[in-house]
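Here the structure of chain A is known, so what remains is to put chain B in place on it, guided by the hints.
There are 2 protein chains.
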Amino acid sequence: MGYDASGVVEATGPEVTLFRPGDHVFYAGVLDRQGANAEFQLVDERITGIKPAALSFEAAASVPLTGLTAWEMLFDRLQLSVNGDADQTLLMLGGAGGVPCMAIQLARTLSRVNIIGTASRQESVRAVRGFGAHYVLDHSCALAPQVASLAGLPPITRIFSTYTTPSAWENMAEIIAPQGRIGLIDDPEPLDLRLIKFKSVSVHWEAMFTRPMHATADMSKQHDILNKLSCMLDSGKLKPPLLAEYGRLNGLC
Amino acid sequence: MGYDASGVVEATGPEVTLFRPGDHVFYAGVLDRQGANAEFQLVDERITGIKPAALSFEAAASVPLTGLTAWEMLFDRLQLSVNGDADQTLLMLGGAGGVPCMAIQLARTLSRVNIIGTASRQESVRAVRGFGAHYVLDHSCALAPQVASLAGLPPITRIFSTYTTPSAWENMAEIIAPQGRIGLIDDPEPLDLRLIKFKSVSVHWEAMFTRPMHATADMSKQHDILNKLSCMLDSGKLKPPLLAEYGRLNGLC
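Line order of the protein sequences matches chains A and B.
Using full-length UniProt numbering, the letters of the first sequence map in sequence onto residues 1 to 253.
Using full-length UniProt numbering, the letters of the second sequence map in sequence onto residues 1 to 253.
Hints listed in this document are in silico derivations from the structure and should not be mistaken for laboratory results.
Heads up, some of the hints might be wrong.
Since the list gives no way to pick out one identical chain from another, each pair is judged satisfied if it fits inside one copy or across any two copies.
Unchecked claim - Listed below are the simulated DSS-like cross-link pairs for lysine-lysine, each with C-alpha atoms no more than 30 angstroms apart in a straight line:
| no. | residue 1 | residue 2 |
| --- | --- | --- |
| 1 | LYS239 | LYS197 |
| 2 | LYS197 | LYS221 |
| 3 | LYS221 | LYS237 |
| 4 | LYS239 | LYS228 |
Bound conformation, chain A alone (with noise of 0.2 angstroms):
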């Protein structure tokens, strides 16, 4: 859907080594080349890894966009620590779509960070503790006075923001401890940044094109966080964040 694919690799290039014609893969694709609704795509083996076997390609499909960009904020923004980061508090704001579903799980299953969640609505609330996350907060109310009744919470060195609303900013720079990191995803209003200064506080985009819409020196790692992916889905130790199937694509809908 979208740009988000899997399929069969049909025909490889003179330089592909990473594929063969009847591999099944999978891949969020770059806005500049043909997106998932052809018949056909041409796709980059360096953002493109195989297909877990223990998925349909329904399923599949719904990974890459929301597992790269869980992994890339995670451990390439955020600067997570793989094993490690016992010793603080990750908060993940807005918890119970796509990407969080896939960063709340990431975070608990490869780091030891302690993990916030947020939601408004109790099938929320239950998504986000099923996800993985140690302690759940409502984001419709202050956070501040929820997170400092939390007895013995290390210090939230990390945010992860799916929306990022003016009050949402203000609640992240009073919580944040000094010199940690918050990450956004979604298009805030221009925000006020002198609110962290004084804790050198440093703010992080990450967009999943980016990588394959500037061809950076670092590309081919989404082919390698798609294969460790894969591994977790086949292994069990992921679940995938799809929620429901629609059937067949048809030209009437």
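Leaving out everything else, chain B in the frame of chain A:
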């Protein structure tokens, strides 16, 4: 002056291990203790360094705030590599003040990064070249065309801005490399961060009072940085930013 100070240790507390009475020291202090206009000051040893012997007390007192700000921004926030980054470029925006004076010298002496300074007046252009910038551009004109005219320039992966006007922000968003880092130390109006979203760029604050104000676990890094600066000043690898001395303070000023 203000909080920056140099002087002689008169007495130490029972837990002090780094200094003894009679030591010559310098420091930037912290906002919630006495400033340097007081005759006697109480200062934490973790944010105090040994005064460079080669400098007068007056010249030494021009170093801590500018030197700590420059060092923390370059190496802690923008993560410049010591002895590395020859394939990358640092843009120092607003190049002729005390902080840029120290930042350009430190980047030139301790790393291999290519350095662009900016200035608009002839006198400032000479100063920025004197600090060690490889190139000097005019920040009163659009930067992108000037950058494009520098043949063979490695990508601008880091920008250190001391003067973040709306037009400077647009210039920075245009020329920063994908996955690059922008550092701020001034007081800009709210910024449209969406301009740098699809490059996954990050924005980093450096406020020199962060470590002492919040008593962070790594607060004693300021002691280490001041001692390194002192060593570089004594060996002539670094010049202090002091431009003029105004003589002894008195109550009639």
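| Quick one: LYS197 to LYS221, C-alpha cut-off 30 angstroms, is that within a copy, between copies, both, or neither? | Result: close only across copies, 19 angstroms inter versus 32 angstroms intra.
| message | With identical chains, the pair LYS239 and LYS228 could be close in the same copy or across copies; at 30 angstroms between alpha carbons, which is it: within, between, both, or neither? | response | within (13 angstroms within a copy, 50 angstroms between copies)
| said: My question is about LYS239 and LYS197: at a cut-off of 30 angstroms on alpha-carbon distance, are they close within one copy, between copies, both, or neither? | reply: For LYS239 and LYS197, only the inter-copy Cα distance (28 angstroms) is at most 30 angstroms; the intra-copy one is 38 angstroms.
| message | Within, between, both or neither: how does the pair LYS221, LYS237 come out at a Cα-Cα threshold of 30 angstroms? | response | within (21 angstroms within a copy, 40 angstroms between copies)
The earlier numbered hints are all upheld by this structure, with none contradicted.
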